[in-house]
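Trainee: Number 502 in this note's numbering belongs to position 502 of the sequence shown; there are no gaps in the numbering.
Simulated from the structure, these hints should not be mistaken for lab results.
Predicted, not measured: the structure shown is a model, and the values here were computed from it.
Do not rely on the hints blindly, as some may be mistaken.
To be verified - Within a straight-line C-alpha distance of at most 27 Å, the following computed DSS-like cross-link-like pairs (lysine-lysine) qualify:
{"#": "1", "residue 1": "K347", "residue 2": "K320"}
{"#": "2", "residue 1": "K399", "residue 2": "K259"}
{"#": "3", "residue 1": "K311", "residue 2": "K152"}
{"#": "4", "residue 1": "K152", "residue 2": "K345"}
Stated by the list, open to error - Restraint-style ranges between C-beta atoms, simulated for each label pair:
{"#": "5", "residue 1": "Y309", "residue 2": "T334", "range": "35 to 41 Å"}
{"#": "6", "residue 1": "S454", "residue 2": "K152", "range": "15 to 21 Å"}
{"#": "7", "residue 1": "C16", "residue 2": "E428", "range": "24 to 30 Å"}
{"#": "8", "residue 1": "L420", "residue 2": "E180", "range": "30 to 36 Å"}
In this text, a Cβ means the ideal position worked out from N, Cα and C, and glycines have one as well.
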Amino acid sequence: MRIAVLLKDRCQPKRCNIECIKFCPRVRSGDETIVVGPDTKPIISEELCVGCGICINKCPFDAIRIIGLPKELEGELVQQYGVNGFQLYRLPVPREGDVIGILGPNGIGKTTAIRILSGEEIPNMGNLEEEATWDHVLDKYAGTEMVNYLQKVSQGDIRTAMKPQYVDMLPKVHTGKVSELLKKVDDSGRLDEVSQELFIEHCMDRELGKLSGGELQRVAIAATFLKDADIYFFDEPSSYLDIYQRLNVAKAIQTLAKKSQVMVIEHDLAVLDFLADNVYLMYGMEGTFGVVAHPRTVRSAINTYLDGYLKEENIRVRTKAIKFETKAPREDWTAPDLVTFDSLKKKFESFEMETEPGTIKAGEVVGIVGSNATGKTTFVKMLANEIQPDSGAVETEVKVSYKPQYIEPDFDGSVRILLLSQIGKAMESGFFKAEVAAPLNLEPLMDRMVDSISGGELQRVAIALALGREADIYLIDEPSAYLDSNQRMEAARTIRRVMEKSGKSGMIVDHDVYFIDMVADSIMVFDGEPSVKGHGAGPFGMRVGMNQFLKDVNITFRRDTDTNRPRINKDGSRLDREQKSAGEYYYSG
């Protein structure tokens, strides 16, 4: 089974010689395998295409995909966006009483799937000749467990509530105060209860446009909770949230699932593991096709995802398995000190922070964890010499490379020109190409304009820029933001590998525990009252630092016996009680 997809945002027929048509052997023999469409862009016949791959290699903009799919997927097409457009195969199935998770890379149809299940989109089942109708859908699913659910959706007999993926768009859709928005959607009369549960009482009288990303996320989740629905969809509910807030939201979603159906798309694997009962893995190619695999228990799904081989489907989605390694205790290190800092203090109009004195060793990677708005970014900026402390000093003469938390795409030009202008020399090195550009998959982005790429793509470029600069210490603030699970793991491995092979040091601020576990040798812990007062301490060895951090969060981790990945213990479980009693909140081995 073969599909042909044209990435129309990349195809630029005015800037090429239509190489896809000129070099196609079937066209040269007289067949119309590829023709120019009404929009001047090529149309590829899947029936006539022999899959030689010449058009893929000749296209100067990497805009063509010819994919061979398993024969088992014949007849499973759910949605196709036009001729040579993106294709989605199969749908996840909601279940009563369970939190159903969806896990997979960006751009392979996860959001499309829940839009269909929520009734926002009628799938065309691959029929591009007729207008999509629910009658066609119900005929397709007749006799399956999905038909009753889809029947209710088509008749409007099932009430749905969806938390959208991009909460930063909320102020553009709704204006006014938070309380006004939430009162409009409060079908259950639980506004006070939900606002307390999600800690947004302080936001109620504020304008939506003046909220932080984390506050917007919690308001969007609250708005979803307040609707009286039969099924709730949450698209990436942990984005912008710290670990405390992520677990709090996860517990609230689990409570919701006891009375309604719940489906969640989530990229934080630790949170997904804690939150979901069963998970549908999705595989495919970004912008090309997506396939919903058969459901698995959450542990099996995440372990399969990390391994990269879907045994039941006989599909390999990753060339190498992602592994979690235990690290030697920091006390064993004999490296010289690279950066020493005093007790640093900084006071702003409504926030003040203080850190205890500490030292960063040459070659050490320090993870920085803690609640939002407790001073993590302020501390990193002081090390980067972007903010001066009110008291205390940073003793270092080293070169610093800094990736900020918020990235603004304000460069007028392509990704290639941006990289050449800032790290041109590094770009030509074999080390950068092999250890940074390849794992971060930068090549498809090179000729795209910086102001047109997505948040996740921009994040990968920013990480590459930071790692490409000549420096002694790399300060990287929230590198996992906007990245899907696979990209997060690759980014963590990339940062770790660059530090190990170059012998340089790093400080990484992030809320994803898997990311920190993969990248860090030691930990700095920030606590305090968010937006009021923050306190930082460390670096500590991983075990000491994570124990201190997780004790504040009141959760315990164990190691998975197969993959060695961290897993959150169920609150009150035997392991949870034993570890808390022993003061061992985090197991590093």
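Trainee: If a hint holds in the structure, say so; if it doesn't, say that too.
Mentor: Tested hints:
no. : hint                      : verdict
1   : K347 <-> K320             : violated, 47 Å
2   : K399 <-> K259             : violated, 56 Å
3   : K311 <-> K152             : violated, 34 Å
4   : K152 <-> K345             : violated, 59 Å
5   : Y309 <-> T334: 35 to 41 Å : holds, 40 Å
6   : S454 <-> K152: 15 to 21 Å : violated, 34 Å
7   : C16 <-> E428: 24 to 30 Å  : holds, 26 Å
8   : L420 <-> E180: 30 to 36 Å : violated, 49 Å
Checked against the numbered hints given earlier, this structure breaks hints 1, 2, 3, 4, 6 and 8; the rest are met.
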